[in-house]
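Trainee: Residues per chain are reported as follows:
2 protein chains.
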Amino acid sequence: MTASTEASEKIIIDQKEKERFMREAIRQARKAEALDEVPIGCVIVCDGKIIARGYNRRNTDKNTLSHAELNAIRKAAKKLGDWRLEGCTMYVTLEPCQMCAGALVQSRIDEVVIGCMNPKAGCAGSIINLLQMAAFNHQVKITEGILHDECSSMLTEFFRRLRRSQKHTADPGQTSVPEQADARNQSPAQDQSPAQDQSGAPLS
Amino acid sequence: MTASTEASEKIIIDQKEKERFMREAIRQARKAEALDEVPIGCVIVCDGKIIARGYNRRNTDKNTLSHAELNAIRKAAKKLGDWRLEGCTMYVTLEPCQMCAGALVQSRIDEVVIGCMNPKAGCAGSIINLLQMAAFNHQVKITEGILHDECSSMLTEFFRRLRRSQKHTADPGQTSVPEQADARNQSPAQDQSPAQDQSGAPLS
Chain E
5 MTASTEASEK IIIDQKEKER FMREAIRQAR KAEALDEVPI GCVIVCDGKI
55 IARGYNRRNT DKNTLSHAEL NAIRKAAKKL GDWRLEGCTM YVTLEPCQMC
105 AGALVQSRID EVVIGCMNPK AGCAGSIINL LQMAAFNHQV KITEGILHDE
155 CSSMLTEFFR RLRRSQKHTA DPGQTSVPEQ ADARNQSPAQ DQSPAQDQSG
205 APLS
Chain U
5 MTASTEASEK IIIDQKEKER FMREAIRQAR KAEALDEVPI GCVIVCDGKI
55 IARGYNRRNT DKNTLSHAEL NAIRKAAKKL GDWRLEGCTM YVTLEPCQMC
105 AGALVQSRID EVVIGCMNPK AGCAGSIINL LQMAAFNHQV KITEGILHDE
155 CSSMLTEFFR RLRRSQKHTA DPGQTSVPEQ ADARNQSPAQ DQSPAQDQSG
205 APLS
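Here the protein sequences line up with chains E and U, keeping their order. Position in the first sequence (first residue = 1) + 4 = our numbering. Position in the second sequence (first residue = 1) + 4 = our numbering.
Source of the hints: derived by calculation from the structure; they are not laboratory data. Predicted, not measured: the structure shown is a model, and the values here were computed from it. Positions of the beta carbon are idealized from the N, C-alpha and C atoms, including for glycine. Do not take every clue at face value.
[Unchecked claim] Below are the BS3-like pairs computed for lysine-lysine, each with C-alpha atoms no more than 30 Å apart in a straight line:
# : chain 1 : residue 1 : chain 2 : residue 2
1 : U       : Lys22     : E       : Lys35
2 : E       : Lys20     : E       : Lys83
3 : E       : Lys53     : U       : Lys66
[To be verified] Facing chain E, a subset of chain U residues (Cβ under 8 Å, in silico):
#  : residue
4  : Arg62
5  : Asn67
6  : Leu69
7  : Arg78
8  : Gly85
9  : Asp86
10 : Cys101
11 : Met103
12 : Ala105
13 : Gln110
14 : Gly129
15 : Ile131
16 : Phe140
17 : Gly149
[To be verified] For the chain U half of the interface with chain E, some residues (derived, Cβ under 10 Å), not all of them:
#  : residue
18 : Leu89
19 : Arg112
20 : Ile113
21 : Lys124
22 : Cys127
With the rest of the complex left out, here is chain E (with noise of 0.2 Å):
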């Protein structure tokens, strides 16, 4: 075998890795789907296994800091023993707002895996990067698109089921989900600050 077959091999496996766990930050963002939470899920991966997960609840816990990537943090440091998660990778379904990109860098987390990126609310490079920013004490390494398609589809139809819904439900005249909405501001259904009404695609 060739250093180049075994180079290229390596990326196999590597990405199929990925995916593997891309794959289980899915499940745990049908978790919050199944809750009429927006579908944003996430695992954390401590030496090759996983050590914890996390779903979007924010609603259902009416708790501000209960995105996916923070209950997973909170709960990986618990498995740990400490605040600090070096040597550990984020699966993440949707780019991390600003909160949870905040965590993860003060969390000394190695690396951030994003499904599909969050071009109005992201914060690890649409908005603003905040994981890899000089003036902080720790950066943190992106890997962007693994499993990319099914990260977005999951959010777009989560959307559209919730437009058609509330079309049925609502009297001519009452506001809508926009048509664009946007995936981090949680409950679009309830949330219509002028933000979310410039449109725009929220997804890449």
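Starting from the structure of chain E, add chain U where the hints point.
Mentor: Positioned in the frame of chain E, the structure of chain U alone reads:
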């Protein structure tokens, strides 16, 4: 009473109220200090009343998320039964980090009143101003410098004591706490990351 006298009296009353709430935030910070945590505390006020309190417990809880601000946001959301903290104001002894500033935007809180700034890691204007980015769907009003000297000296003294105690116990040559520790890296005794060794005043 002239209109200008009335306006001046209103400013004085307003200032006194802000100081009253900041004093309670300092009391919270002292609880952190009692646990050998970096003294950072905060309260959240709604309709003129404190609805939640929080202090830094990151090392004690072994939890990345256990900053003063996040602890208070979680409690306030529970109290109000809503992840949205609209109509609320946070009083915090030190400028929030990237995670806490992000959480404040996510919470839709109205205002943040800050004791002293953190030029090395603060995200309400020092490194970046996450609270007032036009690209996000919410901006937070910022008031700075309420009980500045008390808030600032509380931290300076904490780090001075820490350095002194380390000097007494350390072997010659052991790494000591840097002269100007980064207050947001809430365990400088254990944390000797490069950013911390760069010095630069941590408090304004």
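Trainee: The structure should be examined with respect to each hint, and the outcome stated for every one.
Mentor: Cross-check of the supplied hints:
no. : hint              : verdict
1   : U:Lys22 x E:Lys35 : violated, 43 Å
2   : E:Lys20 x E:Lys83 : holds, 26 Å
3   : E:Lys53 x U:Lys66 : holds, 21 Å
4   : Arg62             : holds, 5 Å
5   : Asn67             : holds, 5 Å
6   : Leu69             : holds, 6 Å
7   : Arg78             : holds, 6 Å
8   : Gly85             : holds, 5 Å
9   : Asp86             : holds, 6 Å
10  : Cys101            : holds, 7 Å
11  : Met103            : holds, 3 Å
12  : Ala105            : holds, 7 Å
13  : Gln110            : holds, 5 Å
14  : Gly129            : violated, 13 Å
15  : Ile131            : holds, 5 Å
16  : Phe140            : holds, 7 Å
17  : Gly149            : violated, 22 Å
18  : Leu89             : holds, 7 Å
19  : Arg112            : holds, 8 Å
20  : Ile113            : holds, 9 Å
21  : Lys124            : holds, 8 Å
22  : Cys127            : holds, 7 Å
Checked against the numbered hints given earlier, the structure breaks hints 1, 14, 17 and satisfies all the rest.
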